[in-house]
Amino acid sequence: MNHEIYTALSGALANDRRQEITANNLANVNSGGFRRDVPLFATVYDQVSGNNRPPENGQKIIEHNSFAVHAGNWIDFQTGAMQDTGNPLDMALDGEGFFVMKRVADGKTYYTRDGHFRLNEQREMVAMNGDQVMAAGEEDVPLILAGENPGALSDLKIGKLGDVMVDGQSVGALRLMTFPDLQGLEKLGDAGFVESAASGPPESAAQLVVRQGVRELSNVNILEEMVSLIEIARQYEAQQKVIVGLDEINKQAAQGIVG
Amino acid sequence: MIRGLFTSSTGMAAQQLNIDVIANNLANVNTTGFKKSRADFQDLMYQTMTRAGTTSATGEELPTGIQVGLGTKPVAVYKIFSQGNYQETGSELDMAIEGDGFFQVLLSDGTTGYTRAGSYKLDSTGNIVTSDGYALQPAINIPSDTTQITITADGTVSVIQAGQPTSTPVGNIELASFSNPSGLDATGRNLFRETDASGTATIGTPGTDGLGTLSQGFLEMSNVSVVEEMVGMIVGQRAYEANSKSIQTCDEMLKTANGLRR
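Chains R and A, in that order, give the protein sequences.
Using our numbering, read the first sequence as starting at 1 and increasing by one per residue.
Using our numbering, read the second sequence as starting at 1001 and increasing by one per residue.
Keep in mind that the hints were calculated from the coordinates and are not lab data.
We put the CB at the ideal spot given by N, CA and C, even for glycine.
There may be inaccurate statements among the hints.
Computed cross-link-like contacts, DSBU-like style, restricted to lysine-lysine with a CA-CA straight-line distance of at most 35 Å [as the list claims (entries may be wrong)]:
| no. | chain 1 | residue 1 | chain 2 | residue 2 |
| --- | --- | --- | --- | --- |
| 1 | R | Lys108 | A | Lys1121 |
| 2 | R | Lys241 | A | Lys1255 |
| 3 | A | Lys1255 | R | Lys160 |
Derived coverage of chain A by chain R (criterion: at least 3 residues anywhere in the stretch with Cβ under 8 Å from a Cβ of chain R; other residues may be distant) [stated by the list, open to error]:
| no. | segment |
| --- | --- |
| 4 | 1087-1093 |
| 5 | 1139-1145 |
| 6 | 1177-1190 |
Hey, can you work out the whole structure from these sequences and the hints?
Structure (structure tokens):
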């Protein structure tokens, strides 16, 4: 039995995976702050020594079979399109870095680019799903927008460096962080990222400008994903042809032997 | 690949919700005091096959993990309380709020409803009521022999009665504000109800505590911008289409796979 059929199969499975990831990118074309995934594939060699063949010119023949495997995703951290919303609680980050969030459900810290916030009843700045936006400083506390007026928020100003003013009074600053290696971050859903051993610990984001009244959209480009979809379908078809062709060879070989 | 089918279907469902919300905004482009809604989406969750930073069998640390995302989900449909345009109507009982705040009305179940729509009428006994008949709170009664009603910016209502040279104050309109107006529950008929998310209402005199002032003879129109909704519709429709193409690709690939066994 030949190994080539498995090589062709690994290619088809790789395209399966590409399709899944492209589907997820497209599903999130309108998810604020979403970063698209680009699957990366690697070649794995399976070395088979050709012991049963006579050496040619004194050289031992080694057969190689290679397989494609999904090695990981490259997360595209290119900035998404910016939408001018005029909402004082919308903030976009210009540069490399994240807002620091605390998940209400379990207290887990995560990082997001989606600066689309609201106030909750305690006047804490929270994401649409209720997760708290953390304030800068040593203590692990959410940002509270206490102002002169008990009711609606009348005057909120976010400075370029993330300092927050309500009714002309400073109430703190946004905690803004980045990582030594962004590619090591893991995705959490909810436009969130979490640190891993590969990303390194969070460090303060210095080269970052906060823009109030602007929202960063998804960085998925429909055109690019469409081209990928066409490519995936055609490659998959070609791989299927190779499998069928190999099957044909095996069949003829088997029939030839039996006679 | 079957995973991809369901991932794309979450994308299509999300865009459908997006279009539903836009359709309702457009339907209310001429509704007095209407506030537009927006649907908000986030990535759903990830299936992690290999964690980033784990050590491989040969001792190297893996710089990236393998994660496959499973689509998108709607996270919120929220109201945008930006100011609508003003329209001069000349009617004595039309009021627009310039700034934050809501009128309070007494609903039939005894609870308070909140509205930005300032188009009021008088009922048979002279109470100020909405077009649906809900009484403005605090209740204000206009005497039957009134010839002119004046509402000042701070909400004082005074009337000039037949045969009298000076005006008599008959009541004060108060406004309510919320720390999180996006958390209010829209119940239709231009009304909102208080929820846990909105916080409790803070009542005050118009023009104080960050509340807006009143303008008599004006109405606040809907804050829906047709152009903005149209752009949203184009984006939503194309995103829907893109997700359907992904499903088509999935289908094509499944067909190809089935073609392996002839």
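How the hints compare with the structure:
1. Lys108/R x Lys1121/A: 53 Å, violated
2. Lys241/R x Lys1255/A: 13 Å, holds
3. Lys1255/A x Lys160/R: 53 Å, violated
4. 1087-1093: violated (count 0)
5. 1139-1145: violated (count 0)
6. 1177-1190: holds (count 7)
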